[in-house]
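Protein chains: 6
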Amino acid sequence: MRFDEAYSGKVFIMSRPEVEDCDVVMYGMPMDWTVSFRPGSRFGPNRIREASLGLEEYSPYLDKHLEEVSYFDAGDIPLPFGNPARSLDMIQDYVQQILDKNKFPLGLGGEHLVTWPVLKAMYEKYPDMAFVHIDAHADLREEYEGEVLSHSTPVRKICELIGPENVYSFGIRSGMREEFEYAKTSGMHMDKYEVVEPLKKALPSLENRNVYVTIDIDVLDPAFAPGTGTAEAGGITSKELLEAIHLLGEANIHIVGADLVEVAPAYDPTEQTQITASKCIREMLLGWVK
Amino acid sequence: MRFDEAYSGKVFIMSRPEVEDCDVVMYGMPMDWTVSFRPGSRFGPNRIREASLGLEEYSPYLDKHLEEVSYFDAGDIPLPFGNPARSLDMIQDYVQQILDKNKFPLGLGGEHLVTWPVLKAMYEKYPDMAFVHIDAHADLREEYEGEVLSHSTPVRKICELIGPENVYSFGIRSGMREEFEYAKTSGMHMDKYEVVEPLKKALPSLENRNVYVTIDIDVLDPAFAPGTGTAEAGGITSKELLEAIHLLGEANIHIVGADLVEVAPAYDPTEQTQITASKCIREMLLGWVK
Amino acid sequence: MRFDEAYSGKVFIMSRPEVEDCDVVMYGMPMDWTVSFRPGSRFGPNRIREASLGLEEYSPYLDKHLEEVSYFDAGDIPLPFGNPARSLDMIQDYVQQILDKNKFPLGLGGEHLVTWPVLKAMYEKYPDMAFVHIDAHADLREEYEGEVLSHSTPVRKICELIGPENVYSFGIRSGMREEFEYAKTSGMHMDKYEVVEPLKKALPSLENRNVYVTIDIDVLDPAFAPGTGTAEAGGITSKELLEAIHLLGEANIHIVGADLVEVAPAYDPTEQTQITASKCIREMLLGWVK
Amino acid sequence: MRFDEAYSGKVFIMSRPEVEDCDVVMYGMPMDWTVSFRPGSRFGPNRIREASLGLEEYSPYLDKHLEEVSYFDAGDIPLPFGNPARSLDMIQDYVQQILDKNKFPLGLGGEHLVTWPVLKAMYEKYPDMAFVHIDAHADLREEYEGEVLSHSTPVRKICELIGPENVYSFGIRSGMREEFEYAKTSGMHMDKYEVVEPLKKALPSLENRNVYVTIDIDVLDPAFAPGTGTAEAGGITSKELLEAIHLLGEANIHIVGADLVEVAPAYDPTEQTQITASKCIREMLLGWVK
Amino acid sequence: MRFDEAYSGKVFIMSRPEVEDCDVVMYGMPMDWTVSFRPGSRFGPNRIREASLGLEEYSPYLDKHLEEVSYFDAGDIPLPFGNPARSLDMIQDYVQQILDKNKFPLGLGGEHLVTWPVLKAMYEKYPDMAFVHIDAHADLREEYEGEVLSHSTPVRKICELIGPENVYSFGIRSGMREEFEYAKTSGMHMDKYEVVEPLKKALPSLENRNVYVTIDIDVLDPAFAPGTGTAEAGGITSKELLEAIHLLGEANIHIVGADLVEVAPAYDPTEQTQITASKCIREMLLGWVK
Amino acid sequence: MRFDEAYSGKVFIMSRPEVEDCDVVMYGMPMDWTVSFRPGSRFGPNRIREASLGLEEYSPYLDKHLEEVSYFDAGDIPLPFGNPARSLDMIQDYVQQILDKNKFPLGLGGEHLVTWPVLKAMYEKYPDMAFVHIDAHADLREEYEGEVLSHSTPVRKICELIGPENVYSFGIRSGMREEFEYAKTSGMHMDKYEVVEPLKKALPSLENRNVYVTIDIDVLDPAFAPGTGTAEAGGITSKELLEAIHLLGEANIHIVGADLVEVAPAYDPTEQTQITASKCIREMLLGWVK
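So the protein sequences, as listed, match chains A, B, C, D, E and F.
In terms of UniProt numbering, the first sequence is residues 1 to 290.
In terms of UniProt numbering, the second sequence is residues 1 to 290.
In terms of UniProt numbering, the third sequence is residues 1 to 290.
In terms of UniProt numbering, the fourth sequence is residues 1 to 290.
In terms of UniProt numbering, the fifth sequence is residues 1 to 290.
In terms of UniProt numbering, the sixth sequence is residues 1 to 290.
Chain A with its partners taken away, still in its complex shape:
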């Protein structure tokens, strides 16, 4: 073995060395400065990478091996601490570059607000796209304590950008009254509490469409993902989340980008949150990238 070719342990397991050879670019968005309860998701991407070392490279669920997908782990975008506006601009610009090269953007958060600039970049390329949102929280506020750029607002802004009728939320169990009223009256699709069964019902209406999927790890019950900022009791199990990921992969839709957000390792000394997140990323890579 040559000393300058040592396996580095610095990237998601089996990331390839050259971006040019890859269909997917995996990137971290280490931002948590608009979080209202417990911050810390800025360390999520790195710990998901670290936990990937304990993963098998083969999925018995999908009978596929990570060597069948080509991806490049580009590391974290160097976002400026405490500056939401500039951070969001950098993310949008970054994802635009990935899309310009016709690669699949796979983002690791960070707080959920990061999905907003990603969507702006996606929407330019896919103006007919739909948005699938798996989360405990509605994230439909117009503002949060006077701030328009908040971890509680991204889905509302996305509704306004791509049209509420193109937004599908699953698993929602927390929000303000106004958010649930907006969900009812705006024409968007929202299923409360559960993910798997509602998804089965909704997927036919998404057939043949371009779809971006965002997963907030807090859709899981805190028992399954304690390492997150706003843990919310009454959630789904990791078995159900894996099933949802598999349903999306089997559906007749075109997934054009995705992210998994809100892993905050400091609250989980057991490390199970990032262990579970890294398994979800493996299944997303194997099942969603075609």
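Just so you know, the hints here were simulated from the structure itself, not pulled from any lab data.
A quick note: this is a predicted structure, and the numbers were derived from the prediction, not measured.
Be aware that one or more of the hints could be misleading.
What the hints assert, rightly or not - If you anchor each label on the Cβ, the simulated ranges turn out as follows:
id	chain 1	residue 1	chain 2	residue 2	range
1	C	K201	A	L247	21 to 27 Å
2	F	E178	E	D23	23 to 29 Å
3	B	G146	D	D23	51 to 57 Å
As the list claims (entries may be wrong) - In the DSBU-like style, the derived pairs of lysine-lysine whose C-alpha atoms are separated by at most 30 Å in a straight line are:
id	chain 1	residue 1	chain 2	residue 2
4	C	K184	A	K290
5	F	K290	D	K192
6	B	K192	B	K101
7	D	K239	F	K192
For glycine and all other residues, C-beta sits at the position ideal for the given N, C-alpha and C.
Put chains B, C, D, E and F on the given structure of chain A with help from the hints.
Coordinates of chains B, C, D, E and F only, in the frame set by chain A:
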């Protein structure tokens, strides 16, 4: 904003400033001195308050907002360390005062023995009452290592006070042989392991009655509430506990007081136990106080 | 009470003082030196003992009390650090002695490789035996990074020793493609993801046979057993594992030995993993030893 | 005891019930949104209050009892998440009100940037004041990643406001080259690494002046205060910090306000950081308020 | 190796198997029910035993090996939860038996109140004895919240039993004003804050006397022993505590019994508190038993 | 910013992208399979890298900036789990390659046995070299439980390779009697307990020599580095370790390689161990590479 009116962060979220204006008095019982395994529930009430800061004030389950209930968080009763007898007297006296003012007592524990003096106060006002007990442990011992006042005896004492036929236990999965035999022969109602389905069956027999409800957080599986003194595998999920709370709220019964006990934060660095407990308290406030 | 007869707190609850009077010998195998991800299971046996102090001695599931089973907790075998080959020899020799005295060996791990020397000893005494394996991982590799003695290989070696048709794996959700192919083509029995339902179907084919059972605590979802080396999302609940243990006890089979492995306390500050493991050990003692 | 007068457990130990009767207003500044490494100090104030429950009310160092000082714990200022500019305005306005009532402001952080608006309010009232800064970090940057409002800039801004010759920094062991050069050339006073001896030398030059003192808990070595955002090895001991507090109290200076910042409880499961911080607050109350 | 002679890992390292052959009896007092702040020291003795596995058996400080001292680890006394009076009686009776056999009692706590019954037993045998007390807290209260039996009262009670002139306290940095006044006026010896230097000065006055020594682990700064109930900043280092132990061993006194108390493992996930305590026990065994 | 040039967060802060341009190669040795007490140091190198993100790039101690040293972080050598012999061969081969390119090898452990193969490679290039060893443990055993390759033997083997008179150990406070006797009789240099003063005395005798330095993080007291496998009370402070590093840098010697080992993050949820280790690495880079 005036400096002497700052939101204090010292009480359960949305507690009102004046007790006179409130229907509910929330109070802590920071006692854990008869605990046989892992003590520490004396810090439970304060951490439940702290975790309430991360809660939404609106419940999508009940379509209600905390501003629709008026409650006063009175803080913790200053119980004397290591003196069970005097502590229990103080609790009983304290709850009697709340009842004298015709307010709903909502207690935060503390070990489960605290429910015993609460019940003595309740029973004086409501001699026809029933007692609903959601717990992993039977708590039906006559004594524990020679002690009559123990965290293992309160339900037995309550049976003796209000009559076993008025006591309903759900979710029980641990106890001595003698306790399960007492449950069978005494005429009390006990359902093992499960809560939701047995509760559905039992609720009709409680119609129109005055009911006090006690929830021991350890009815949850340790996965969902690791921060408790005597964690017991094989429990229910937080989704099931929320459903049980909702069933009680929808039933045609008069809930006249309640408590939630045995949150011991030191065993749960993830803080999920108090996060879940504070959500349960929100649902109890919104669903049980009428 | 005499000072030299104090209850010691040093052994599994209700262990008897003299090995001669006992049907069961409980012993620890504190080995973790071939572990690929997070080591630490060498401390598992001792923490399971410690957690047993919080257990009731009576099981409401089985209506039996630990005084109805006679067992001796022999402590941990003093295995030499970092030397797998010599450690395995010591374990095999140790279990042979237990079997020579016609006692039931009940092992506490330690990493899963320890089951391999146990099986060699068992097989000499019971050449017609079957092997039931409850685990998240297939453990069917021929080697791991060039090592034949690895925590990933024991079940493969056992297949080769006792014949794959005598090996029954349940709950498997992780492994290499080659392992799953071996499972399909070798004639062994493997059920993926689930335990309870597959076990119900498989048990009739084991009727009247001598059976050794190994439980890897990581068959549980990380939510229920975070304290383990290679936690794997998508697992079963502790309620399901208890049900599986009860099914095995009720079946018409002869359980002749058992172990429970891979409890690694350092990753679980909540201590729930060892609390759950010690409850499983109680149910195994009460339900499996006849 | 009356139920509506229960000891609340919600405030710093022995806080008085009415602000009018008090010489000191203690207040929390739960802000951490410009932090560059590990956020979480927003929970510092509340945990310092909680830890105060374990304190003796008497100081053997000073032979004084907390009943000899009158202070009101006003709770936390409700700062808007992720909005540094507005948060700083609110803090400044808040402290101005305290000063208008001629009370001593004692702040609990929160990140160190909160000291900047406090100083602006102080400076209006005490234009001849000096500033004593005990910290591991110089906090002398002009900007941080393009941001002028950052936890790395407050001391620089204070230098510019009140004149560098009025700023005294002690214990500094981390910063950029530019910060140390500014310290050398600007005329400010900076002592590196140590606190007690340099303070003894510097105090005579502060005689009879009005002084504001800020303590960043990370001046302590991480061994003594692991619960902080940017822990920095090579620090002082808690014994030395207590001695520094006592030196300031004995000096012939007029301390007109103070704060203690950067306690981030999530990184310290031992809770020693807030335990130590609450003892420092006791000594500051007893020794500095005259 | 015979299976029924396996090294058990259940006792302090190198404990001998038969009490008759030993000069020392080591025993645990798992009591914490009068603790006012953070309980949990009942698990101290067992974790000190577990941590002893990581110790060398040889001390380079004393050039002695544990095989040169004969001791029997008798396990924990089974104290009744929540009953201080009965627990103290059991401890006194237990220690009396050890003394009747002319063995050296070496106790592991547990809260500090356990030293009171030990002293009663010691005093009967050694009516001329002196008492050396190394601690952060004076423990000189007459009562605590109305309780005479409290973790804050043992040293006062011992003063009253054996005469204050025979009591030597070192390292005290916390207590009520009344306690420090009692220390000054009663004729007892008390040194505040420091241990090593005061001990050097005091030891000559103890020459040739029988001495019992109690060490409260919280004399260490929380940095060195975070796992304790009432951690108190400003303490000594572990190097200083080891030096104090060595000074006592070299002095011309007859140490006739000792204990080390207040290790509460739940507050220290790093385990350093019990690791340090077990090293102290080794040095006490090697240096104090002659 | 280009998306494929994002700052990666995957390497030690300011590592350069191309090995050819660098004077130093930093590499991880993630091995812990011969550890006798608490394993886990295999994760040390990666967490030291992660913690480096919180470091300033400038050292006020040395008035130097990391841009003044050119180093390449090569990641971790992919060592085979549980196979000490093969792992050591790989390390030796790896370091030989670094030396062949005339670069400075800076290793991150892993257990201390890794220093043995590094030294074999170093010795081939520098047959006249000296070895400076800063550690709590003598590591001078001939074997450990029958194993010659153990974390307790590397310094003995190094003595035998390069001659004991060329080995200098500092800070040693744990070992077997035989090790301390070997130290006395072999002609090696050993200083017990302290590092700074003995180093000052010893350095003149090393003038103008080629020196390899190994630092075992457990030379620090557990208060300063709880995240290590065999924590040993009575150690030095982080301030003293930094001073020792600076003394070595200022001395008139040629440091030709170095390592820092035994960081085991799982035992330190505060993360202070890796935070301190990464600061030591910065000072070693700035002070030792010339």
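Verification of the hints:
Between K201 (chain C) and L247 (chain A) the CB atoms are about 26 Å apart, so this pair conforms to the stated range of 21 to 27 Å. Distance hint check: the CB atoms of E178 (chain F) and D23 (chain E) are about 26 Å apart, consistent with the given range 23 to 29 Å. The hinted window of 51 to 57 Å between G146 (chain B) and D23 (chain D) holds, with their beta carbons roughly 52 Å apart. With a C-alpha separation of about 27 Å, the suggested pairing of K184 (chain C) with K290 (chain A) holds against the 30 Å cut-off.
Between K290 (chain F) and K192 (chain D) the alpha-carbon distance is near 26 Å, which keeps this suggested pair within the 30 Å criterion. A distance of roughly 37 Å separates the Cα atoms of K192 (chain B) and K101 (chain B); the hinted pair therefore is violated under the 30 Å criterion. Of the supplied pair hints, the one linking K239 (chain D) and K192 (chain F) holds, its CA atoms being roughly 26 Å apart against a limit of 30 Å.
Violated hints amount to a single one, hint 6; each of the other numbered hints is respected by the structure.
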